[in-house]
Amino acid sequence: MSLEYSITYKAENHYDHPVKEASWQFLILPDENSTQNQVEINFNNSLNLPLEFSHNAYGFRTIRISAKEQFMDIVFEAHFSLVKEHTNPFNFQIANSLEEELKKLHQLEFKVDFEPFLRKTSLTNLLEDHKQLFLFKKDKSLFENLQELNKWVFEKIFYTPGTTHVGTVLDEIVANRHGVCQDFSHLFCALARQNGIPARYVSGYLHQGIGYFGDSQMHAWAEAYMPEIGWIGFDPTNNLIANDNHIKVAHGKDYADCAPLKGVVYSKGENRTTHSVQVSSQQQQ
Amino acid sequence: MLARVANNLFWMGRYIERSEHIARYMHVNYFSSLDAPNELSRSRQFMLRSMLRMLGDPPPQENEELKESDILFKLALDPNHPFSIISNVQHARENANSARDLISTDLYESINKFYHFVLKYPVDVFLKKGLYDFSVNIIEMSSILRARIRSTLLHDEVYAIIMLGVNLERANQLIRIINAKYYDALNAQGGYDDKFSKSFEWTTLLKCAEAYDMNRRFYKKTPTSLTTLEFLILNPNCPRSLMNCLNQVYMHVRVLDNSFRYDNHSTAFLVGRVRAEYQYKYIDEIEADIKTFIEIMMRNLSDIGQKMEKEFFHY
Amino acid sequence: MSTTESNIFSSYQRDPSLFDEIYDKQGNVKNVYQTLFKLYGEHSINDYMLLNEKAKSSFFNQGITFQVYSDKEMQEKIFPFDLFPRIIDAKEWEIIEKGAIQRSKALNLFLWDIYHEKNILKQGVVPVELISSSENYLHQMMDVDPPGGIYNHISGTDIIKHNDGNYYVLEDNIRCPSGVSYVICNRTALKRALFGVFNHYQTHTVTNYAENLLELLESVKPHGVDIPNTVVITPGMYNSAFYEHSYLAKTMGVELVEGRDLIVENDFVYMKTIKGLEKVDIIYRRIDDQFMDPLEFRADSSLGVPGLFSAYKKGNVTLANAPGTGVADDKAVYTYMPEIIKYYLDETPILNNVHTYHCSRPKELTYVLDHISELVIKPVDEAGGYGISIGNRLSKKEIEEVKKQVKLHPRKYVAQPIMSLSVHPTYIDDVNSFEQRHIDLRTYTVLGKDKEFVLKGGLTRVALKKGNLIVNSSQGGGSKDTWVLKD
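Chains as they are written, first to last, in our numbering: chain A, 1 to 285; chain B, 1 to 315; chain C, 1 to 487.
Hint data in this document are derived by calculation from the structure and do not stem from the laboratory. As the structure is a prediction and not an experimental result, all values here were calculated from the model. Quick reminder that beta carbons are idealized off the backbone N, C-alpha and C, glycines included. Don't take every hint at face value.
Unchecked claim - Facing chain C, according to a computed beta carbon distance under 10 Å, are these residues of chain B, among others:
| hint | residue |
| --- | --- |
| 1 | M1 |
| 2 | V5 |
| 3 | Y115 |
| 4 | E157 |
| 5 | Y159 |
Unchecked claim - Pulled from the structure, derived: some chain C residues nowhere near chain A, Cβ distances all over 10 Å:
| hint | residue |
| --- | --- |
| 6 | G41 |
| 7 | G196 |
| 8 | H355 |
Whole structure, please, built from the sequences with the hints as guidance.
Here's what the structure looks like:
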């Protein structure tokens, strides 16, 4: 069984002064992977600027657009469709003991291979005081511990749009207990890494049909690596294991590697931007 | 060559040329007025107003009493006045800096010395006794720069761009000078030799373009409005005439655009058109309405500059 | 030795505890300096003062200056230059040159490894923390093959002579090592002032740097390019090293561009010329990694080129030095150089490394905290001589402050024994005579495909403040012409 998704992404930019030159890079294309296929892309912009397809550092597809003529308004609109295979997120063997799993995590070679997703970045760094917030229990498997972490983050932070921005540091969020999906995901990554588990930040789309938290923009969750199982997606904003409703775009060390839109605009004065995302699905046989 | 750097070199040429003209206008007018034949031409206020007009400053109030030291400072050493000599030299050096890899070491060193000369010139010395010394040094150093442009650079695009700037600016400055002196000649009528066409101001005008001796040699009589304007506008053999400048601009723009494809939107086309119009004009046609001529020519030159910018410097 | 009253060396005082480059222990002028000593001795102090003034104004008029801001006013200053050259004989130079090449090659292999298989980390030869805690380790470079396999095309190796008479490397600069233009300017200035002295020595030229640099850069052109188009990219004319950028562009005969002169289209790089777009294949980069491409790195950078990194990853353009080389420029990596050289080349280091204590290791941290007065404490990530504390110059209070900082951020600091830099007679303006001043040497090594070049000369930097050990120009250092003698 599979689901056919259709996604609409829209970004409208208005500038108070004419823009002389600008470049944008979008990281919003659904990833093609084992559960996401037949991805189709239809990307338009109001100035009819040509699209350049490329790849970011982690191999995810990007679209670059440059404007050389003056403008004050530009609208980007993208339609994607894809087929998402139905999977059972619990379809794996849980390892026998935490001890054996940890042994693998502590091997030097493992640490070197997973270095990017074990390191502290400026967005996943915690003060000494906060590092002890969540400790893994010895009598449970890694997976169970991570599930608990997922729940712990879900309960620790109140989903409150508008209280944080992309640069808010984690310690502030832990102290204030308010945040959005990015903050949930960063906190999850930070604490998983703190316990020696490779964790990566994932950006993508969430199908909100069933009333999940997220927003009408892009969603973020995390993936953690367990030596016996591989990468598993955790959505701490909704206390879920990532499933059919999570359409992945990209992953990285943190938000900075996954920013959906990066732009360089040569203009003065203010600009106004609105983003919107819509996801709809249709069951396939 | 990079479009941005080309733009900088073009402006380097313009700024070098501009500072020289201001320096010459300043000292020629100052010294001419000291023993001018009629009272108005001798008047400080008259002379100072003429300087401001040439600089392109907004005209002062009719009855405003101008202070000589203020005006001279404004023209020469006021770093806050955008058109002062010091500002021009600063801009010239700034532009040279950004293109330092393209111009010769010799040329750069001369520009640099020029800059330090102006920067270090003491304001009080200039105002008390340095007017002549300062001006002739500016003129001399500009000549050295032009010589080094000609003799130490490969005569390729870099050279053509600089020379375009130099000659376009020279044409521009010439028109400004004619404008200012024409105005002076109109106003200075009166006294014993008061006819407009025989005004003393024409002699000053020629001197402002370093063309008085050449003019005497060519016409062998006292300059009049007709001979002065003919010489400065139409005679291509006068090195500072408008015609000479247009010829140079045309020649150098052809280095950048040598396609000779018919393109009536190109800079080369526009330069050729303006040049052709004046190549075979009679001076009487111009002298009858100098004001209109000045307006049209100012516009022509500004159009050429803008076209160049679009065609070559747009980046 | 001349005994004339006005001899410019007559008031020269030697501190016997320091290694003097021109006098031996007995106080005799060393062989290689004898002729020079005699020639300079023929000048009176007055002659010398005049020559010195002329050399200074020559630098000033040529605009070989840097800007200093003081009291809101901008001032132009020249880098202090000393007319008395430093001489390195052929035998000593051979060691330096071989040692510099050895280090550059080892670092290049290290960089390849940590951006590919990471064997040296997996085998525990150097700790994984070396990269995992480094801000300069760019994950974007993972599995990227730089054209020709070269990361550190240009390395600047800072070398000193200790009072045991041996050379030691203090630092390997492989981000954007600067100063090479001063090597050449110093030579030019010395030739103009004292051309006669060159007749008595067989000195290697230094003016061949640019041609060798261009040749080696072109040897690592992108795949499929026939005749490469090379440019130098600068942050702009207000950068303190702008003179050097323009000098290198000019002497290589290539364009000097700023970020705004370049655009990336379909992962190829172009420059905007008066005749439209022109493809660029090799970029000699004088912009730091983080500022190179606002779409990949710091978005607030107006110096970079949007899309440049993507073009680089596709192999369409060569960047020199490659992005991410900064990780090996780290002072913590320096301390593992002997291991790195052994691991990749199976050689012992030709040039000595100064012994280093890692404050990140508890045992060594304890030693450091107990012996601060005998050590130099350095932050691992500061360039330009900032943040260095020299133990025996610190007051009790300052020692406590340093201890506190080191305890707080042990990973940020390393410590080394206080090295005594050799001294060289240097003309001091204020007193109009020669005095001993500490010096070091920065050499320039260029790696190309199967070929390398070391500039036979380098920049001898002088700490002009009496007794000062820090030679960086940003800290009041000057420089000398450096003569490498032919065999």
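Hints, one by one, checked against the model:
Interface hint at B/M1: satisfied, since its Cβ lies 5 Å from the closest Cβ of chain C, which is below the 10 Å cut-off. Because the smallest distance between the Cβ of B/V5 and any Cβ of chain C comes to about 8 Å, under 10 Å, the interface hint for this residue holds. Here the hint on B/Y115 is kept, as its CB sits about 9 Å from the closest CB of chain C, short of 10 Å. Here the hint on B/E157 is kept, as its CB sits about 7 Å from the closest CB of chain C, short of 10 Å.
With its C-beta approaching chain C no nearer than about 13 Å, B/Y159 sits outside the 10 Å limit, and its interface hint is violated. Against the 10 Å criterion, C/G41 stays outside the reach of chain A, whose nearest CB is about 60 Å from its own CB. The non-interface label for C/G196 is consistent with chain A: the shortest C-beta to C-beta separation is roughly 55 Å, beyond 10 Å. Listed as outside the interface, C/H355 is consistent with that label: its C-beta sits roughly 26 Å from the nearest C-beta of chain A, beyond the 10 Å cut-off.
Violated hint for the displayed structure: number 5, the only one.
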